[in-house]
Structure formats: C-alpha cells, structure tokens
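Peer 1: Position chain B against the provided structure of chain A, taking the given hints into account.
If you read the sequences in order, they're chains A and B. Each residue of the first sequence is one higher than the one before, counting from 29 in our numbering. Each residue of the second sequence is one higher than the one before, counting from 29 in our numbering.
Careful: at least some of the hints might be erroneous.
Note that identical chains are pooled: a pair holds if it fits in a single copy or bridges any two copies.
Taking lysine-lysine and the DSSO-like style, the derived pairs with C-alpha atoms no more than 30 Å apart in a straight line are [said to hold, decoys possible]:
#	residue 1	residue 2
1	Lys-230	Lys-346
2	Lys-346	Lys-425
3	Lys-237	Lys-425
4	Lys-225	Lys-346
5	Lys-222	Lys-107
6	Lys-95	Lys-225
7	Lys-88	Lys-225
8	Lys-415	Lys-425
9	Lys-248	Lys-414
10	Lys-42	Lys-237
11	Lys-370	Lys-237
12	Lys-222	Lys-421
13	Lys-370	Lys-414
14	Lys-88	Lys-42
15	Lys-42	Lys-414
16	Lys-42	Lys-346
17	Lys-42	Lys-107
18	Lys-42	Lys-95
19	Lys-107	Lys-95
20	Lys-107	Lys-88
21	Lys-248	Lys-107
22	Lys-237	Lys-248
These are calculated hints, taken from the structure and not from any lab test.
2 protein chains.
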Amino acid sequence: MSEKRQLIQPRTLKGFRDYLPTAAIPREAMMETARGVFQSYGFVPIDTPALEYEEILTGKGGEESDKQMFRFEDAGGRKVAMRFDLTVPLARYVAQYAGELGTPFKRYHIAPVWRGENPQRGRYREFVQCDFDTVGTTSMTADIETALVIHDLLVALDVGEFTIHLNNRKVLSGLLERLGLSERSAEVLRALDKLAKIGPEKVSAELQKTAGASPDQCAKVLAFAALEGDTEAVIAQLEPLVAGSEIGERGVAELRELFGGLAAAGVTEGRARLDVSIARGLDYYTGTVYETFLDALPEIGSISSGGRYDELANLYTKQELPGVGASLGLDRLFGALEHLGKLPTRNTTARILVPFFAEDRRDDYLRLVTALRREGLAVEFYPDPKKLGAQLKYADKRGHELALILGEDEWRSGTAQVKQLATGETSTLPIEPIGALADGLRGILG
Amino acid sequence: MSEKRQLIQPRTLKGFRDYLPTAAIPREAMMETARGVFQSYGFVPIDTPALEYEEILTGKGGEESDKQMFRFEDAGGRKVAMRFDLTVPLARYVAQYAGELGTPFKRYHIAPVWRGENPQRGRYREFVQCDFDTVGTTSMTADIETALVIHDLLVALDVGEFTIHLNNRKVLSGLLERLGLSERSAEVLRALDKLAKIGPEKVSAELQKTAGASPDQCAKVLAFAALEGDTEAVIAQLEPLVAGSEIGERGVAELRELFGGLAAAGVTEGRARLDVSIARGLDYYTGTVYETFLDALPEIGSISSGGRYDELANLYTKQELPGVGASLGLDRLFGALEHLGKLPTRNTTARILVPFFAEDRRDDYLRLVTALRREGLAVEFYPDPKKLGAQLKYADKRGHELALILGEDEWRSGTAQVKQLATGETSTLPIEPIGALADGLRGILG
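Just chain A, with the same shape it has in the complex (with noise of 0.2 Å):
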C-alpha cells in the first residue's frame, strides 16, 4: 500500500527466548519423552493457571522468589501473579481437591513458570519445568521411585553420563543433635548447600556467623560434609557421627533402604550416591534430598532436584500431606544439550516430501499424498508447482529423507521415483496397491 507506517520493531523481551523449529522440534520430542516416563509409572497429569492470587505465591518461595515475582493488578482490581515455580500451585491444588484426589496422588505437571532473574547463559525469564511428586505417603517406596523416575528420564533423554547425588536430611539432623546444634539447622542448611560455590572456609565463616557454631562445631560439620567413598563405605562413618540420635539413627536406615531399592532396580552406583554434602537449602525438605549433574556439564548445576517433605500444603490446610517428589529443569536441560551438540538438527517433522512439478495433477497427488497419512506415514506436499531442484533443495534444507517423486510420466506409468536425499540414491516404486507402496517407504526409511 502507498501509506506511509512506522513499523514496530519484532523482538522478544529482555530473557525471553523464542524457539526455532530446530529447537522446538527436540524440546517437543523431550517433553513427549518426559511424560511417557511418568505414565510409565502411573503418574497423572494436572495443570492449573498461569496466574494465581498473589498472596498463594508470595512468601512461599523466599524473599529473592518474592522480588523476581511477575507481579501486578488485573483489570477487576485483584492483586495477581505469574506462577515462579509448580510447587507452590500443587500445594494449593491438593489443599483445594484433597477429597477428590485421594492419597497416594502422584502427579506430573509440565508448564512454563516465570521468573524476573538476571538472565545468564542459559538461563531464562521463562522456562518450562517438570514436575513431579508423590503426596500422602511417608512410605520409602515413593523416594525410591522418585530416584528411578529421575534415573529413567535421563536415560530416555539421552543426555549422557549422569549422576544423582542423594542424601538424606535427618543424617545431617542426627549430626547437629549430637553437636548441640539442632536450634539452628535452618542456618547450617543454607550455609552448607553453598559449600560447592565458595568452598569450606567461607562456609566454616558463615557457620560461625549466622548459626554461631564454634570452630570445633565447625570442623565436625564440614569432615561430616567432606565424607567420600562408596555408599557402604560413607554409610560405614556415617553410623559412629550419629549414634544415639533417633532421627539421625533413621536417616541412616533410610539411605540403607533407599540403596538397596535403587540397586534391586538395577540402578548403578556410579549413577546414584550418597552424597552427604548436598543439603538443598529450602527449609521444608525433611528426608531424602536429591541433585542430578551431567557428568559432561556439572557446572550449570543441578538438572532434577526434589527432596522428602513433611507438609506440603500446611499454609493452606491443616490436613497433614507429606510427600516426595523433584523436579526436571527441562529448559536447563535443553541449552546444556544444545550446548553440548546433543540435539538433532532436523528441520522438519516429515520424513517424505512429495514435490508437485505436474501442475495438473494436484488432485492425484492430494489423493495419494492422503492416502499415505492414512498409512500412518508423515507426508509433507509441497505447495508450489514449482521446478523439481527447487523442490528438492527445500528438502535438504529442511532435512526430509525421501522424495517421492512422481511427474507426468510417472503419474501415467504408476511407477514413482524414490530419492534418498542423504545419499542421492534412488529407486522406483508402484503407486498402487498403496499398502505396498507405503510398505516399500517404510522399508527404505529403515
């Protein structure tokens, strides 16, 4: 048109990302895979909004969750704000349809949450988590389970070389009692859970800062942390550090059994081990802890990370749901494979491309094109009759695998011609029966 208009410049907000058909193609394909692991184990999906009340977020999370909080008021004058992660609106859900749900309720939920961080490398204002939790059981069975579905889903995923590190919070709890330093495991937690990034001195500093442990309380903590070895053998010096604690006492029955159920699975020990250094700073983790590092990648930190909890919904209920469970951080996940050259770089979802170069047939190749889904095969048609190099260049840059090609001559012979675009290769085919056709496809894609 002649009229003059400014044009809005296109573009994503700052820690926003927009997926590309080579990205969203194996995203998809993970979260598809995801949630085949989860059934697998009868889990059930759920879903719930994007936007909560504010005051069912806030306070839930922490002070930093609170400040990166998507918050502001709707048109009807409610104070509103985007979900920050899923756990928090599974707390609300099994309070709200407890009757409903019944117990156990294993339940996946994979959404995108939002969070108004810093971006780094990496990192997004948006990301999809998953989720997933057992609630209303306090049986080991469930923690075990939570480790071989984290376990499944990497191994399904194809990520690599993995480890999940366990531990169990009442081993450490044990140590504190026999240490005099119950009253302040809160302190101790949150300092312990940075002994990764700023190493032992600084957190021996902080113990004696903001848990006013001694040095001696201190170096007791920090041997305790440094514990290394096989899970027997941590397990072997676990036992004197917590004698006589009845909760650290179970903490160390319960890792037993957690590594027994995860061996009887077939569960490797260099894929899980104890790990008495993680802690998992939230407060509300009371039994088994866990953190999962590629092997290749430990520096982007933990990608599935969940824990034991005693009360999940006790801010909105006074019905008592303990529960386990962790979480996938999929988009995490995702530029650590991209990063790593781990994804495909397909282009398309459609195996086969059928050119259209006989301007007049566009119905018969509609009808055989058709015919073909019906067989179950993925058939992309190109829409333009257009000269067959161009048709065929479209392919290779989308990543096709065959070209089903079928011009004047072969329509009148009903003979197609089948180009292998990797190698160039090609054969023929009758188009008709188009079972046999279909069959012949398949045999050449393999």
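Peer 2: Relative to chain A, chain B alone:
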C-alpha cells in the same frame, strides 16, 4: 505445630480453572493427537514467550482484544502484556526470523493464551489454542491442506459429526464490486458476520447504517448470504452474481479448486460445505475462510476457524508474507466433549497396578516392576504395604485394568495372580521369564 497460623484459602482466580487428572489426562491426549496430525503434514512446532512488549500486541486484534489484554509494567519498567492469541506472536516471529525460516513455512503452536473477558459457561480467561499456518505461499494447495488438517484433527479427536463451513472473501468482494459497495466492505463484513446471531432484519438495518447501503443493496447482499444447497448448486447461483468482476470470478474459481481438492482427498460433501454466509469479521482475511461446527453442539460456536491472508506481518516488516491457517480452540472443544460426555473418565495413566503386601519383598517388587517397564508396560507400584483389599479399592477408583498380585506364597512359587478389575476374573502367570510375563499381561489387556 502449636503455632497458630491463619490458613490461606486455596482458590483460583475468577475465570481460571484447574484441571483434575480425569480432565487433564484426555486433554493432554488431545494435544498429543493434534501434534500427530500436524506432523503428518510436515508442520513444525515453534514456541514464543507468554509475555511480549505491549506495543507488539496492542492494536492487532481490535479494540476488544486491547481491553481484554492482561497488561502491566514489569520490574524493569517495561510495558508488557500476556499474549491473547497465537497469530500476533506468529506475525512478530516470522518478521524477526524470515531469513532463517525460509518459505513455505508451515508451523503449529499449541499454547495457552489469556483474555480478561467476562467468563461464560465453557469459556475461560486462560485457554489453550492450537494454531497452524502455512506462510509464504499463495498456492491454493495450502488452502486445501488447511481444510484437510481441520478434517483430520476432528476425525482423530473423535468428536463425532462435524461440518467445515467454507467460503471465499473474493466472492463477496466481487458481489460488492458489482453492487458499488466496495468501499464499505469492512462494514459489510462486520454486519454479515452477525447474521447467525441477530438475523437478516437487524443485519439489514446495520448495513444501511454503517455501510450506507440502500434497501435494494441490502436485499441483494442478504439474498447472496442466504444461498443454500450443495456446493455445485450454490456455485452455479454465485457465478452470475459476480460475473464481470475479476476478483469475484477468481473467488469462484478458487472455490472450485478447493472443493475439487477436498473431494480428491476423500472429504465428503457432508463434512465440508460452501457457506456463503460466513464472513469472519476480521479484516485481514482475503481469500478462503473456515469455520467448523460440531453437529451435536453448534451453539458453542466455531471450534476451528481461520482463513487466507495476503499480509501476515506487515506491521513488523516490509516483506510480503501471504499465507493461510486456522486455529483449533482446543479448550473450547474440550469443554464441549466434556459436556457431551464424550471424554474417558480414567484417573490413571498405568493400566496395571502391582499391590504391595508382602512387606519384606519390596526389593523383589521393585525388580519386577522395573523389568516390566523396560518391556514397555506402564505399571504403578503401590507405595505402602497395606491390606490387599484397600489396594484393590484404590485400583478400582483410579481405573487400573489389571492388578498383578504377588503375596509371599506367589513369590515363593514364582507365579503371580492377575486380576481383571472390571470383571473380577483371575488367572495366573509365571513371573519368569519376564518377556513372557509381559506378553501374557498384554494378551489379557487386549
């Protein structure tokens, strides 16, 4: 704890809803089915942020959209808004990445959108849309394919009988040209769009008022919109009405191509029909337009609508990007199927439950259920060692189909009892080798 605390009332915002597992399971299956249909045509997924700069979104969907948008200022002082549809983000996206995407670009996008409209039965302020578009081609092949995708989606989603209503804006433009009303086509479109809702008399009044149409012009427009019958018959009546108008004649030719292609692909006359009364109020459509109704529930409105446009992204780029696409209102359709009682009511994703009642055998159970999962079966293992009766009641409530029962006796003999929960029928299967057990279970599940 003894501390007294005010509980927060667990609740969702007005117009927002939670999905309980009974609803979330089929809803998730619907999205999965939709992805499969899109992929069978070579459409690729994309993703864009929920939040955009306000100026990207405002003024694109009309005054009403602007009013309903959730908008706010973020912590960085940016004016931001939550997307109200998936078309405006697509326009921004193709303008931003045109070079990388290439054409034809066929994308789908399944994601929630937010509109602060007054909630009515079956309508919410957050709902999932399911859009697909073919950008960068003017070929009618893409118009035909759009109708085929709508068709295949609704067949695959098993929604019962439906009718895709098709029209072409060019035909109406030809008529208006012949009537001397070309300058007022926007007003005519908006008035005609209300025909089903308010009837011909009120439309006539509006045509006279907003488009300055004479009573004779109104009568002709309404006579046109009232044309009915099978496609060939309606086209035969259209032809003389637009004869001599180039655009009108092109519109008729396009309708012939469209219905020819649909017939070739096996879409029956009953499922796709020419409906010259559908206008789709939106100004940007320029060719084929689509609306789709459930035969059993037409009053909920169109469940899949769309059309062809000449310029998708002209607010963001000078590049011309014509295309065609439609949107499946997945949550509206979900609500309709819920209302029609057409949704399954299972409450589990695993067809098999393994009760846990030989207390000392947990590791054996874990070994077994893990092996069955490796064989591709979805198996839920009950976490707590409880009485068998309680666990079978749980299975009944959840909707598991089989219970694989192993007490101490069964473990010793190596033979499990398999109980079909719907009938109570019981059989026995050896638990080794595991492949044979898995096949046996599959056989019983059918």
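Peer 1: State for each hint whether it applies.
Peer 2: Hints versus structure:
1. Neither within a single protomer nor between protomers do Lys-230 and Lys-346 lie at most 30 Å apart by alpha-carbon distance, with minima of 40 Å and 57 Å respectively.
2. Only between protomers do Lys-346 and Lys-425 lie at most 30 Å apart by alpha-carbon distance; the minimum there is 25 Å, versus 59 Å within a single protomer.
3. In the homo-oligomer, the alpha carbons of Lys-237 and Lys-425 never lie at most 30 Å apart, since the shortest distance is 60 Å inside one protomer and 54 Å across protomers.
4. Proximity of Lys-225 and Lys-346 under a CA criterion of 30 Å is satisfied in neither setting, with 38 Å inside one chain copy and 50 Å between copies.
5. In this assembly of identical chains, the alpha carbons of Lys-222 and Lys-107 never lie at most 30 Å apart, being 34 Å within a copy and 36 Å across copies at closest.
6. For a Cα distance limit of 30 Å, the shortest separation of Lys-95 from Lys-225 inside one copy, 23 Å, qualifies, whereas the shortest one across copies, 48 Å, does not.
7. With identical chains, the CA atoms of Lys-88 and Lys-225 are at most 30 Å apart within one copy only, with a shortest distance of 24 Å there and 48 Å across copies.
8. Proximity of Lys-415 and Lys-425 under a CA criterion of 30 Å is satisfied intra-copy only: 16 Å inside one chain copy versus 60 Å between copies.
9. For a Cα distance limit of 30 Å, the shortest separation of Lys-248 from Lys-414 qualifies neither inside one copy, at 76 Å, nor across copies, at 41 Å.
10. When the C-alpha separation of Lys-42 and Lys-237 is checked against a cutoff of 30 Å, the pair qualifies neither within a copy, at 37 Å, nor between copies, at 47 Å.
11. Neither within a single protomer nor between protomers do Lys-370 and Lys-237 lie at most 30 Å apart by alpha-carbon distance, with minima of 44 Å and 63 Å respectively.
12. Proximity of Lys-222 to Lys-421 under the C-alpha cut-off of 30 Å is found in neither arrangement, the shortest distances being 53 Å within a copy and 46 Å between copies.
13. When the C-alpha separation of Lys-370 and Lys-414 is checked against a cutoff of 30 Å, the pair qualifies neither within a copy, at 35 Å, nor between copies, at 45 Å.
14. For a Cα distance limit of 30 Å, the shortest separation of Lys-88 from Lys-42 qualifies both inside one copy, at 26 Å, and across copies, at 22 Å.
15. In this homomeric assembly, Lys-42 and Lys-414 never come within 30 Å of each other (Cα to Cα): the closest approach is 41 Å inside a single copy and 53 Å across copies.
16. For a Cα distance limit of 30 Å, the shortest separation of Lys-42 from Lys-346 across copies, 25 Å, qualifies, whereas the shortest one inside one copy, 41 Å, does not.
17. Taking the shortest alpha-carbon separations for Lys-42 and Lys-107, both the intra-copy value of 24 Å and the inter-copy value of 12 Å come in at or below 30 Å.
18. For a Cα distance limit of 30 Å, the shortest separation of Lys-42 from Lys-95 qualifies both inside one copy, at 17 Å, and across copies, at 25 Å.
19. In the homo-oligomer, the alpha carbons of Lys-107 and Lys-95 lie at most 30 Å apart both inside one protomer (15 Å) and across protomers (18 Å), since each shortest distance falls under that limit.
20. Taking the shortest Cα distances, Lys-107 and Lys-88 sit within 30 Å of each other both inside one copy (16 Å) and across copies (27 Å).
21. In this assembly of identical chains, Lys-248 and Lys-107 lie within 30 Å of each other by CA distance neither inside one copy nor across copies; the values are 47 Å within and 52 Å between.
22. Proximity of Lys-237 to Lys-248 under the C-alpha cut-off of 30 Å is restricted to the intra-copy arrangement: shortest distance 16 Å within a copy versus 87 Å between copies.
Consistency with the previously given hints fails for numbers 1, 3, 4, 5, 9, 10, 11, 12, 13, 15, 21, ordered from lowest to highest.
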